[in-house]
Amino acid sequence: MAGATQPAAIRRRAAESDLSVGRVLLVTAGALFWGWLVASWLNRWLGGVVVPVGEPFVRPATVETALATLPGLAAYAEPIGFAVGISPEIARGAWLTIVITTVSLFIGFFIAVPLAVTRVYGRYSAYLSLGYTELLRGTPLLAQLFVLHFGLNLGAYVPGALSGVFPRNVVWVAILGFTLNGAAYQAEYIRGALESVEEGQITAGRAIGLSRVETIYYVVLPQGLRYAIPSWTNEFIYLIKYSSLAAFITVPELYYRADQIAASTFRYTLIFAVTGLAYLALVLTASKLMEAVEARVAIPGLGADRGR
Amino acid sequence: MTDESFLEVTDVSKWYGDEQVLHDVSFEMDRGDVTVLIGPSGSGKSTMLRCVNRLAEAQEGSIRLDGEDVLAPSTDVDDLRREVGMVFQGFNLFAHLSAVGNVALGPQRVLGLSKAEARDRATDQLERVGLGNQLDSYPAELSGGQQQRVGTARALAMEPKLMLFDEPTSALDPELIGEVLEVMHDLVEAGMTMLVVTHEMSFARAVADEIVFLDAGRVVERGPPEQLFENPEKERTDRFLDRIASHD
Ligand SMILES: Nc1ncnc2c1ncn2[C@@H]1O[C@H](COP(=O)(O)OP(=O)(O)OP(=O)(O)O)[C@@H](O)[C@H]1O
Ligand SMILES: [Mg+2]
Chain A
1 MAGATQPAAI RRRAAESDLS VGRVLLVTAG ALFWGWLVAS WLNRWLGGVV VPVGEPFVRP
61 ATVETALATL PGLAAYAEPI GFAVGISPEI ARGAWLTIVI TTVSLFIGFF IAVPLAVTRV
121 YGRYSAYLSL GYTELLRGTP LLAQLFVLHF GLNLGAYVPG ALSGVFPRNV VWVAILGFTL
181 NGAAYQAEYI RGALESVEEG QITAGRAIGL SRVETIYYVV LPQGLRYAIP SWTNEFIYLI
241 KYSSLAAFIT VPELYYRADQ IAASTFRYTL IFAVTGLAYL ALVLTASKLM EAVEARVAIP
301 GLGADRGR
Chain B
1 MTDESFLEVT DVSKWYGDEQ VLHDVSFEMD RGDVTVLIGP SGSGKSTMLR CVNRLAEAQE
61 GSIRLDGEDV LAPSTDVDDL RREVGMVFQG FNLFAHLSAV GNVALGPQRV LGLSKAEARD
121 RATDQLERVG LGNQLDSYPA ELSGGQQQRV GTARALAMEP KLMLFDEPTS ALDPELIGEV
181 LEVMHDLVEA GMTMLVVTHE MSFARAVADE IVFLDAGRVV ERGPPEQLFE NPEKERTDRF
241 LDRIASHD
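Top to bottom, those sequences are chains A and B. Heads up: the first sequence at position 202 corresponds to 202 in full-length UniProt numbering, and the numbers run straight through without jumps. Heads up: the second sequence at position 5 corresponds to 5 in full-length UniProt numbering, and the numbers run straight through without jumps.
The shape of chain B in the complex, shown without the other chains (with noise of 0.2 Å):
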């Protein structure tokens, strides 16, 4: 096979303990594309969003990311995950840093800018998504929503090719979505390739390439969002669907 995706996902399986909470997971994704994981809860999102940056280990099957693999013994984590941006439901900023602390440390540390270039580059990444007037401030000054966008800009100060989403607004109160989800609209006109885990069906219907429907660790379906959403194959999709949009 001459033309590889970007991102190949194929017969992942996982187990905690005696269970099993992905079942040969498959999908793919080329460059820029934005794919979206859908599924109730439990069911394995967050678990394969992990599997792709190895912050949980698959046991079975592969995962290739841009030609190298993923789940090699031979695959520095470190170096993966330098390539590979997340961010989390919890936020989960650096309690102790201002907002360009958080985004600087990586790039300091990790890539070895200078203090100076680090800055430089979290100044940048934090006015990007809209934050320039908050650079000193600490998470616990902010709103949610300002913290899910340092989130996201700590990721990206990495510069990565691949950005991993958690359900990124779920922690937020209604108002504050709107600010997260157009920095993410934002991104996905920039070209990122994003995988996204979310709820917000509006968000997955205007810029997702294909949704993934999990569900007990298996893929249920999967396609581009008009056909899933419009005309789900399984009755499973379309039960989910139903009480997804009646919780809107």
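Pulled out of the complex, with its shape left as it was, chain A reads as follows (with noise of 0.2 Å):
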């Protein structure tokens, strides 16, 4: 019978159609999110032109007044009214964590990349990257940024091309920091990846006479880097939420800034639950992202689940 295939075909179908209308959802809400995060870094940076630099885009009692009319909401009416107003300052922190997490996950990726190919076909150089590894992974990322920030003071050292790009040197300083940090667990990821190449496709690279480099380069990664990108995606994930704890070194990023007005208006539930809205939707876009991307680069005739 030709039922052991079917039903898998069915519910496949049957899942997509689902999907279809969570997808409109989803799609809507991302658009609705990245439109206002945008307008608003837009507004900020051409110095308000169209609501006053600081100020949401709708008035907070105008809000309130609304929604006050509707039954219904009439009891949410204050919140949603003080969560609009917070909502420049939430943009603008979310600006630093996106920025501190694209840029240390990309500058992290050509740390990570030798790291794993010396761990994974090095000799001696494999227990460098090995010490490496372990110990960024092995310590607390909060205590890496305080060596960093008071330890050693970086920010001090900025150097003149890099200072006055972000408003304060330490934004630098909890890049550099996310840096060293992600490499390591991009690392690890990558490495994993490197491993499940079958080493036949590397004997058949040295046969045709490529050199052990040239293989790796040519045969290795491009297939390890496409299976890593599953696993390599949690990091990314992770660091969104991990580079909060900037603020700790006074980077005034998303957390930052919740942080902020909670200290001054103590609506901790309040602040931290639209602040965290607001995480889970930069999270959900990079892993949307990347399953884009993964789909992009799939090589054909291969699941796209090969190699996790």
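Just so you know, these hints were derived from the structure itself, not from any lab. Since the model is a prediction, treat every value here as computed from it, not as a measurement. For every residue, glycine included, the Cβ atom is placed at its ideal position computed from N, Cα and C. Please note: incorrect hints may appear among the correct ones.
[Unchecked claim] Selected chain B positions facing chain A (in silico; Cβ < 8 Å): (1) Asn53; (2) Asp78; (3) Arg81; (4) Gly90; (5) Asn92; (6) Leu105; (7) Arg109; (8) Val110; (9) Glu141; (10) Arg154.
[Unchecked claim] So these bits of chain B aren't anywhere near chain A, every CB distance computed over 10 Å: (11) Ser13; (12) Gly17; (13) Glu19; (14) Gly178; (15) Glu182; (16) Asp242.
Given two chains presented individually in distinct reference frames, assemble the corresponding complex, making use of the accompanying hints.
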């Protein structure tokens, strides 16, 4: 009976149609979130072309009055109005969260690849990179940031060209910290994926006269990096959230902004619920983005879950 | 000795740790010859093949290919491998590259051909093995027989002067073996020098100039197929051939 294969196909089709409603909702929410974020940043950078800098696009009072007239929502009118009121600060903080995360991830990637390669294929260098990875994964990230900031005071040594890019030089210290730490985690994920590339392909590369390094570059890495995407996405997602630790070295990112407002208004639950939603939106964006990248670079004929 | 053979393997010995896997193995081939290595599992056939392109290092003895000392420390292994093609039991295709990409990689990155030249050469070789219509297919989209033909084209694209085949049909479903053997037959016709490990005795009988029977790392007996198959001198050879035949 063909019944053995049929249910899976039917299930998949059902899942797809279910997904399509969810998909529309997700895409709409994403578009609203990013539209609002980008509009907020532009408004601030252009000196308040739409609304005065620091003010929300709609007045909290307007939102409150409007909601108060709706029977079911009257109770939520005030908190929602408050959330609207803090939205410019959320957008402002989210900018640094995004920048710190993506820049650290990007630079960290170029450290992680050699770390992973030497770990798998190096002899003595394997121990060096093992040492690096274990040291950075084995100690608290916050402690690493404290060493860089309070211990070494690296913010004072930011080179001229970089200084002034961000409102505070300590942002560079955070980027450095997350780059070094994230590289260790990325290297672990990439290492696992490199190891899943079949030994026989390396032999075949050597057999046509490619050197060891060429074989790694032309044969192993193109596959290993693809297979690493799903687990690497975890690091992306973790880093979005861990970047909140930068607040402890006074980087005014998302968490820092939220904490500042909470300290003066004491509305912790509401503020961190809103902040949490913003983090959630960023995380979902990252995971959807990486899913798209994974599908885009998938090797024809191999399941998307190869190497997991 | 003036007339040196094209490939001369002389008293080659190899150890893995304490275990000696090749014991003074010797044989030679002339240009255009086909030599088939046979022997039970673990007898050292793959290891012997790999010593020729130095994927494995022989510790004693000598291997000379076309007048060059293969085992000399001064021999550049990458140069050597350019001239010696190898086809593997497990195909070992590069999973992320199309058929053409697999075959073109060597010519482009090792021989330094331009991308277009390498692609042309790859196309020619794939057509030669009957895969002109699968140029852009990826390994996972090809049958085992097709994959092995890509693997053969990949080796041929380097224009090697010696081809090594390590059980090229052993991983294939019976109905796919023929297409690979056919490609190998064509190569024999074209005058390629081939050192082949295989259990396909009818192929060996049809094309081999010499059969070398290895057992436990030693050459038990070697000779032309008629002699070795019909009239083996050693009882060990006879038993092995009987066992193979009963499996067919
Ligand atoms: N990389 C290695 N490390 C240690 N021992 C090895 C290695 N490769 C092969 N051997 C050993 O060397 C011996 C010969 O192996 P080889 O693969 O050459 O045999 P074979 O004749 O090709 O066998 P098969 O028919 O199973 O392919 C075996 O005992 C094997 O276990
Ligand atoms: Mg073998």
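When the least beta-carbon distance from Gly90 (chain B) to chain A is tested against 8 Å, hint result: 5 Å, holds
Interface hint for Asp78 (chain B), Cβ within 8 Å of any Cβ on chain A: 5 Å, holds
Tell me if Val110 (chain B) is really an interface residue toward chain A, meaning its C-beta lies closer than 8 Å to one of theirs. 4 Å, holds
Minimum Cβ separation between Gly178 (chain B) and chain A greater than 10 Å? Check passes; 24 Å lies beyond 10 Å.
Agreement of hint Leu105 (chain B) with chain A interface, Cβ distance less than 8 Å: Holds - the Cβ of Leu105 (chain B) comes within 8 Å of chain A, reaching about 6 Å at its closest.
Assertion that Glu182 (chain B) lies outside the chain A interface [Cβ separation over 10 Å]: 22 Å, holds
Since Ser13 (chain B) was said not to touch the interface, does its Cβ keep a gap of more than 10 Å from each Cβ of chain A? 22 Å, holds
Should the hint that Asn92 (chain B) touches chain A count as held when the rule is a Cβ pair under 8 Å? 4 Å, holds
Checking hints one by one. Is Arg81 (chain B) an interface residue toward chain A, by the C-beta closer than 8 Å rule? At about 4 Å, which falls below the 8 Å cut-off, the nearest Cβ of chain A leaves the hint on Arg81 (chain B) intact, so it holds.
Against chain A, with CB atoms and a cut of 8 Å, does the hint on Arg109 (chain B) hold up? 6 Å, holds
So, as I understand it, the hint says Glu141 (chain B) touches chain A; can you test that by seeing if any CB pair is closer than 8 Å? Result: holds, 4 Å to nearest chain A Cβ.
Does Asp242 (chain B) really sit off the interface, with its C-beta more than 10 Å from all C-beta atoms of chain A? 32 Å, holds
Checked against the numbered hints above, the structure violates none of them.
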